[in-house]
Every structure is written in structure tokens, then in C-alpha cells.
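A.B. asks: The whole structure should be built from the sequences, with the hints applied where relevant.
There are 4 protein chains.
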Amino acid sequence: MADSAPVLKGIIPPMITPLSGRDQLDHESTERVINHIIGGGVHGLFVLGSTGEAPSLPLAVQKEMIDLAEKVIAGRVPFLVGVTDTCYSRSLELARYSADHGVDAVVLAPPYYTPFHQDDLTRYFVEFAAECPLPVVLYNIPSHCKVAISLDSARQLMDVPNIIGFKDSSADMMYYGNLIKMTGGRDGFPLFMGPEQLLAESVLIGGNGGVCGGANLVPSLYVEMYDAAVAGDVRQVHLLQQRILRIADKLYGVGDPPSGYLKGVKCAMSHVGLCTDHMADPLHRLPDEKRDQIKRNLEELELPIEVAS
Amino acid sequence: MADSAPVLKGIIPPMITPLSGRDQLDHESTERVINHIIGGGVHGLFVLGSTGEAPSLPLAVQKEMIDLAEKVIAGRVPFLVGVTDTCYSRSLELARYSADHGVDAVVLAPPYYTPFHQDDLTRYFVEFAAECPLPVVLYNIPSHCKVAISLDSARQLMDVPNIIGFKDSSADMMYYGNLIKMTGGRDGFPLFMGPEQLLAESVLIGGNGGVCGGANLVPSLYVEMYDAAVAGDVRQVHLLQQRILRIADKLYGVGDPPSGYLKGVKCAMSHVGLCTDHMADPLHRLPDEKRDQIKRNLEELELPIEVAS
Amino acid sequence: MADSAPVLKGIIPPMITPLSGRDQLDHESTERVINHIIGGGVHGLFVLGSTGEAPSLPLAVQKEMIDLAEKVIAGRVPFLVGVTDTCYSRSLELARYSADHGVDAVVLAPPYYTPFHQDDLTRYFVEFAAECPLPVVLYNIPSHCKVAISLDSARQLMDVPNIIGFKDSSADMMYYGNLIKMTGGRDGFPLFMGPEQLLAESVLIGGNGGVCGGANLVPSLYVEMYDAAVAGDVRQVHLLQQRILRIADKLYGVGDPPSGYLKGVKCAMSHVGLCTDHMADPLHRLPDEKRDQIKRNLEELELPIEVAS
Amino acid sequence: MADSAPVLKGIIPPMITPLSGRDQLDHESTERVINHIIGGGVHGLFVLGSTGEAPSLPLAVQKEMIDLAEKVIAGRVPFLVGVTDTCYSRSLELARYSADHGVDAVVLAPPYYTPFHQDDLTRYFVEFAAECPLPVVLYNIPSHCKVAISLDSARQLMDVPNIIGFKDSSADMMYYGNLIKMTGGRDGFPLFMGPEQLLAESVLIGGNGGVCGGANLVPSLYVEMYDAAVAGDVRQVHLLQQRILRIADKLYGVGDPPSGYLKGVKCAMSHVGLCTDHMADPLHRLPDEKRDQIKRNLEELELPIEVAS
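If you're matching them up, the sequences are chains A, B, C and D in order.
Everything in the first sequence is counted per this note's numbering, starting at 1 for the first residue and increasing by one.
Everything in the second sequence is counted per this note's numbering, starting at 1 for the first residue and increasing by one.
Everything in the third sequence is counted per this note's numbering, starting at 1 for the first residue and increasing by one.
Everything in the fourth sequence is counted per this note's numbering, starting at 1 for the first residue and increasing by one.
I should point out that these hints are in silico values taken from the structure, not numbers from a laboratory.
Some hints here could point you the wrong way.
No copy labels: a pair is met if it fits in one copy or bridges any two.
Here are the simulated EDC-like cross-link-like pairs (lysine to aspartate or glutamate), alpha carbons at most 16 Å apart as the crow flies [unchecked claim]:
(1) 290 <-> 119
(2) 250 <-> 292
(3) 63 <-> 26
(4) 290 <-> 152
Just so you know, these numbers come straight off a predicted model, no measurement behind them.
C.D. replies: As C-alpha cells, this is what we get:
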């Protein structure tokens, strides 16, 4: 990466955090997963996001993850780190640590405990961007943070120095369409889609990429979809979309309550030997019945997964 | 229309109901608006929906509207009528009246007062479809009905005889994408998008058309968008999308609280001489300040509107 | 009732509507239920509310119910009729009919289809109150109407001539406490609590009564609770509260999805011979398994129900 | 405090955290506020809760607060510490630190980032209670944690060793009433109300106390209310309730957007010389206009506040 801010676009998977126990990072699996993802042709890697269970991990483990990822990524793709926290100075500490460890940009969602107003929100992002030694990608995920970044706030924040992009996990395409209208779909301020089910349409209407969790398991599929959508190959998009939605059905929607995206991905990854499905508290691995169902579904899906031994 | 169910697709605008006073249908304006919309090249016309303020109108006015629309449409395009009501027998009466007045299909959302469960919901639709003399298009609009048609219910209902299509106004593209996955995007069970801001992407990923309220004002724009999306002309889609989103901004989002889609459309229509902006109770026309702003915004938008005198 | 507005307070049950089939009012059961409720010592009777499934009934059946209730009540207690509708003129027609049939006051919630703003809401109530030949009790039930009556709107509306009281089914005690603060708990503008589970505390902090659905089944229990709360007899309140909450558990919360209040009450009433459990569309009677469980629970509850043959 | 679990009841204010800058605990003000609150006759003190802005503070500042509070409280009242965190081991570390510093019980809400299911929730609480060296008071605050403790989960958790009480900030009196029904209102498992506006009714129907934020400013008022409600003195309750609701109006509801409870309390405290109104990120002190309005409102309220110099 050059000294200037990276030009981000394409598929930047939010990496799961392989664990072998409470606060125990599984180094071997982490290396394997990173290589697996990069091997799928992705355009970047994002660690310590929601999918990485970052808020559940102590700062020490977060730093350990950054260290290890730096070494394994080794500059092959842009390296992004989530620094979202309810404590401003903990976010800043992690951003500074990232700056010293080869990270290209940090990803920052609103603090997620106390509900607060847009005035406080914009001020928070402006102040953090000014203090942060790395470029900042904003992250909107109201399902987790409660506070959404309003369109008005987004418009203001797009012009703030050191804020270089936006990831939206609201699953609200009216909102996303308006973000695209604001940026004109230009590459200068890239817009990323959170939910992989919306990757296709978000790119077709002018979005710049996706932070697809399923790319932990089968990265090449999402890269293919991104390429098809950028090329405007609608027929190919339709075919791939069926496969992406089936993954959501078969791996994230198993049982009642549904297995969920986070547990589903990690469970499927454990079945193909990428890592164990140990979850950080307060989550726990799926019960055996759902695990077994996911195994059967995984076989049925016939996904092109090759795991290096 | 032949005896068999019509093949629906494309732009089927939800027509506003021109009123000259409480419970007073404005016949002259109604005729003008219908001709204006059909003149824009649309693929059908839908009266007495949410945009038509149907739940606010007495049954007598609803029938008067059907009578008039039948004469003015005169078979030029498929004719759809909303029969949603909290009272089953009132819905059925309206459906029977429709069958006698040249209507091609009825549109039916869930009863919208008491919250209830999916079991009651599917049973309701199955029973109504069996008793209804016309084909039924299901209508999902949880913002108004509270009860959403779940994906499981939708899957069941797609196979029910006499249920021939689905309009979704949930604005939830995850949901819509799953509907497309269920139907395979086939024309045999067409899927229509409610919010016009999502028309482009819904058609790009395999949807069959849109029930665009803005088409009351400028029908040709939405027809163009539909054509571009069907053709997979992504560049043209991007250009038109900017214009469609600007309409929403400039006409529906004026002031605080925002003017809203329903009042905004009718207000803009009044400015170009299509009808007055009288609203049915409990709504009221916008205050002068917002009306004037919408007038200015309308000029700024430079929409291709030609109103026949 | 005198010519002047009635002084309302105490327990005014929202009567269920006994039906023998679609749009078929069961006259014999209606008479039995009215006498049963009045026999329990209640302070009024409210027909054609949410509990009365009014929005599901055609206008003709609503009028039939008013006719019959007028005869059976025969002036023994204040007689209230719900006239809530999405169609203004239908509400007004029903209010006028009520005025000619011995009704003391009408109950009016916001129109419940299109979401709208407080400005339209207050204007709606002000206009209706001016045209309505009977005093109006406002009804706040956002779970059904979506639009809530804001505290600011409530404050304005309390001073409108012909608006004489307020029923709140928001289940939000912060809101209710603020209503009491506004009225000073004075009898001049009575405040009624919807959910029976909150009757006790609402009266203890200064409310004026309750519209308790469980009073269809066991009216004397709620009258006792009202009396205990008015007397400030906290010990007695605690005892009765346990019984009221057990009714909710045992009759409304059976199974998954739970039986629900409306079906639960009607089912229990059918078991004691008050009426059948036929529901108006889109609702349907509970499945046998839940019906049987409610029967067993009802025996376990040992409620003091005497049904006149 | 004896070795055994403390018997908690009455008013246990959630103390604000006096700050002089980012991560700077204001020791002098902290001492003054603690003495002020205890001087008002409260039954306990709860630091590092939501009101204490705990999630915004680094662990070091949290420990500093515990140290200081231990010294100032000096065993005069039960001492509770909030240990809620998204990171299990950070919660546990804080609980262990608390055990070494005179704390009587910890307060624990669900981890507040990732949404999760009740199975994970109950398992989380069970495991934490087993590892925690201090008794645990559960804390339900869905507005902040998104995940609510369901009634079923509450029922299970009440029987878990080392879980000794429950604070509910759901503001849902149906829920709270059911908690009381479960415990029988017995002192053995005390139930505390979060929002001070609901203190009166919660105690009248059998609750055991309140965690009233306004008690930072005027502790004696809430103690009086608690006493009146315990005594069943309904007339006195009504009088005090008007005052408590006026505080909420005049201090928490100033301007648009409203000042809010947290900023309102700290602002009012700054006006009477208890501490500054510095807020932890992402919050910021109110703008001058609202500050001034709160000053005027505070004078109007004529609260019995005596601040020791």
C-alpha cells in the first residue's frame, strides 16, 4: 500500500475470528482462513468486525489478531480493521495499534450502548477521524448499534477529511440508493454493502462492493458475483443470486430459532476443516441437530470450496 | 381481456383518486388522469389502492370510481381494483361489483385492524380467492397492514388457484429477492414492486414490474426505467434512477414532517392541472408553504409532463 | 341518561360480539352476555370496539348490534359505541345512528390504514367531535391504529368541546401517568385503561376506570379490583392482581403462537355457555387442542362465573 | 455488610460519573455527589450503570471509580457496581475487582452488541453467576441492549444460585407485573424499577424499590415516594407523582430533540454545584440554550436540594 489512502472496492470479506476457547485465538486456523479467503480472489480483508465477534473480545486478543493478520496478509490485499467500541479511547488505542501494524484503514460504527442523537453522532465521527492515524470507513449497522447514520449525517460525513468510504448493513435499499445518489457512484468514496443477499443489486445500481460474510466459506462465489454485476451481465447475476440466496437459506436459516448468519458460517467452516465453531460469549456453537443439518445442507449446496491442508 | 387471467407485467400505476370534496369523486379530473397515465405507455392501471385512498372512501364512491374507470380505460390496458378491507363481505361485494364492470383482477392486502397470525392470514387469502369471481393479486404492505405476508405464507399462497401475482410494498429487498427465488422470476406469477425508488433494482434482479405512484404524474419515466431494466441497460438505469430519486426528494420529502408521498404526488398533480389536491379524511392537503415549495421543486425537476386539456 | 354528557367512570367492559356465522349476530347470546356483564355490577357497557371485532363487521350488523344492545341494556348503565373506521362518513353515520338509539357516548380511535401526522390527527378529532351528535371518548391504541395520540395532541384534544374522556390501550404507563398529570386525575375528563393487567396500578395512581375485556367472562372480578384500588386497599389489590394476571396467563397465553386475548376470551365464554366462539374474518376460532387446554385452565382458575340460563 | 448476600430494597440511585475531561474522573465532585445522595436517605448506591456512562469508560477509570466510591461510601449503604460489557472476561475482571473493594453486589445486563437468543442469554447469566465472586442483580434494559430478558428466562434465572435480584428498565408494566406475580412480591428476590416515573405504581403493586436517576439530584424526593408507596398512602403518592413527572418534563424533556434524561440530570447537577456536565464520548453537554432553559426550569421546580460545600 502506498502512503495515500487505499482505493477500496470489490469484495472485502468480514473475517470470522477462529477461536479455540474463551479469549484463545486459534493461530493455525486464522492463517488457514486468511489464505483461503485471499485465495478466492477477494479485493481486501476486514478483521474484527461484527462477523469477527470483535466486541466480545478483550483488547489483547484484538491486538493479537491484528499482529497475526498483518503477517499472513503480507500486503497481498488491503487490510481493514474494525475499531468500533463504546469507549472512545479504546477505539483510538486500537486504531493507533493498527497504524503500527500494516493496516490500511479502520472501520468504525457508532458506539452501541446509549442511544443518542445525530448531532452527537456526527461530532463523534468528525473527532475520531481527526485523531485517527488511519483513514476511516464509516459503518452503518442499526440492527446492532440502534443508532443509524441518517442520510443527512452521511452527506455531511462524506466530506470530512480522512473519512474515505461507507459500509452499510441496514439492508435498506432505499437508504443505499440514496447514498449512491449522493456519491454519484464515483470510486472516490466507495460504498459497500453488508448483507451478501443484496450484493448483486447494490452493485448493479452503482455500489462499489460488498463485505460478504459468506466469503469466509466460499470467497470466489462473491467475487464472481461482483464481477458479473460490474459487467452488467444480468443473466449471470440471476444465476449466481440463486446460489447466494440458497446459502443463506441452507446455512443461516436452519431450525427455529434460525441458526443465524454468524453461527451458520462458522459451523459450515468447521465442517470443511477451516476452523472450529467455537463462538465468543455470549454466543455458543449450534446444538448438534442443527450442526448436522448444516452438514447435510452443505453437501447439497455443492459449493466450490477447496481448503488447503 | 380474454376470459383467462391476464398476463400482468410492467408499470401498473396505483391511481390517485381525484376528489372535489368529502366523498365527491371529481369525474372530469379522473378521466383526465386516466388518459394521462395510459398515454404514458403504462402496462395496466390499478385503482382504489393505498394511493387511491380507498380505505377512506365509502363503498358507493368506490363503485362510482370503478364505473368511471371502466368507461375511460375502455379495455386499453389491464384494469385492476383494490378490494382490501377489514370487513370480508365488503371486500367480496367490491370484488363482485368489479367482476361485473370489466375489471381484470383484484388486489388484496391483509385486513388491517386487528393483528393476527399467519395461519389466519393464509386461510383468509385461500377462502377469499375461492369465493372471488376475479383473479387475485396479493399485496404485502406491512407499514399499513401491520401483518406482513411471511415468506412461508407467500410460498403457500403462490400455488393457490386464482391467486395470480404479488405486489410487495415492504421496501425489503431481502424479502423481494426471496420472492424472486421462489418464482424463479417466471412470468407465470408476476412480482410487482411497490416503492418506485426500488423499481430499477427489483427488475434487474428478476422482478416483473412496478406499481409506481409517481407514474400518476410522469408515467413515461417509469415505463422508460422498466424498459431499461428489462433490457439490462445498466448505464441508462443509473441515469433514470437519479431522476426517480430526485422526484422522491423534491416532491415527497419537503419540509418537516416531510410532505410524504401521497400528499406530494397529489399536490404536484394539482400544480400541473391534472386534478385538485383535495385529500380524503383523515388526510388534508399540504399547507401553503409546502405547496409553494413543491411548485418550485417541480419546475426545477423539468419533468416531461404533458397534460391534455 | 340525562341530556348532558354522562359522567363515566369505573369498569366499562368492551363487549365481544356473539356471532353464529359470517355477518350473523347471535341475538340470544348477545342478550345473555349483556345481562351477564351488567349483572356483575359494571359501570357501563361498550359495544363495537376492538374486542367487539367491529372493523370486521358490515355496517348493517353494527346497527343490528346497537338496536339489540339498546333494548337489553334498557338504560341500566351508560351505553358506549365504538365508531372507529377508516372512512369518515361511515364513522359519522354510525354515530348518528347511535344518537337515535339511546347511546350515551361514542368511542373513536384514529383511522387505521394510512399512517399520518399529529396535525392531521388532531384536525380529524376536532372535526368529528364538532359534527358528532354524541359526546366522544378518544381511544389510543397504537398496536392496532399504528398512529398514536401523542401527549401534545392529547393535551389539545382534552379541551375540545364534546370530547369527554380518553381510553388508552397503549400499555405504556409513562404515557398514562402523563395523562393523569394533565387532567389532575379529576373526574371531569375520565381516563380509562385498556389492558386489564394494568387496571390496578392505573387506578391507584389516579386513573378513572378500565375497559377490561376479561369482564365479558367474569365482570365482578374487575369491579372488585376497581373498588379496591379506589379505596387504596393495597393488600386487596395485590390479591386480585394475582388472579387477573393468572387469567391472562391461562386464557390468553395458551400455546405457541399464544391463543391471544380476543380468541381466548371468546373461547372461555363458549365453555361456560355464554356464546359460541365463532370469530369474524380474518380470525378463526382456536384449534381444538388450545380450546381443550383453555377448558382445563378455566376449571383450574375457579372463577366466580354464574351464567343465567 | 455481612458475608451473606445483602437484602436489597428501596431507593438505590444509579450514580452519574462526574468527569472533568475525557477519561478524567472528577474525584472531588464524586465525593460530593456520593455524600449528597446518601444524605438523602437512600437505601443503596449503584455506580457504573447506564447513568454512570460505564460502557463509555475505560476499565482503568471504572476501577478508579470503584476505589473512590468504596472509600466515600464507607459501608454506610449497600454498594452495587455495574459490570455489563460485551466482553465476558472484562465483566468478570470488573466483578473480581469489585469483590476486592467492598462491593456488595454486581449488576449485569445482557451483552449489547450482537442480537442473540434466549438460550444463549440464560446460559450467559448462569455461567457468569457461577464464576462471579459477588451476588448478581440482573438488569433488563432492552432500549440499550436490544435483547430483552423474556419472562420465561426471568423465571428460570430467579432460581439460579448467586442471582439475587432484578432491575427492570423496560418501562413495560405488563412485564413488571408478571415479575411480581412470579416472585410473589417477596423480599427474597427484590425487583427494582428503572424509570423513576414508574416508581410509585411499581411499589404500590408489590415491587421492592427503584433505581431512580433523578435521585442524583434530589434523593429525598424518591425516598419519600418509596415510603409513601410502601405505606399505601395513595394521596401522598399522587402529590409526589406530580412532582416526579414535572422533573422529567422540565429537565429531561427540554427542546427538540429533547435534552434527555442523562444529559438533563447532569446539566441540572452542574447548575446546583454538584459536578460539571462533562459527558463521556459519544455524548456531549447540552448546548447553551438548553442549559439555560434547564436552569430556569430548575428554579421553577423549587426542589429541596442542599449541596454541602
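A.B. asks: Which numbered hints are broken by the structure, listed smallest first?
C.D. replies: Violated: hint 4 alone.
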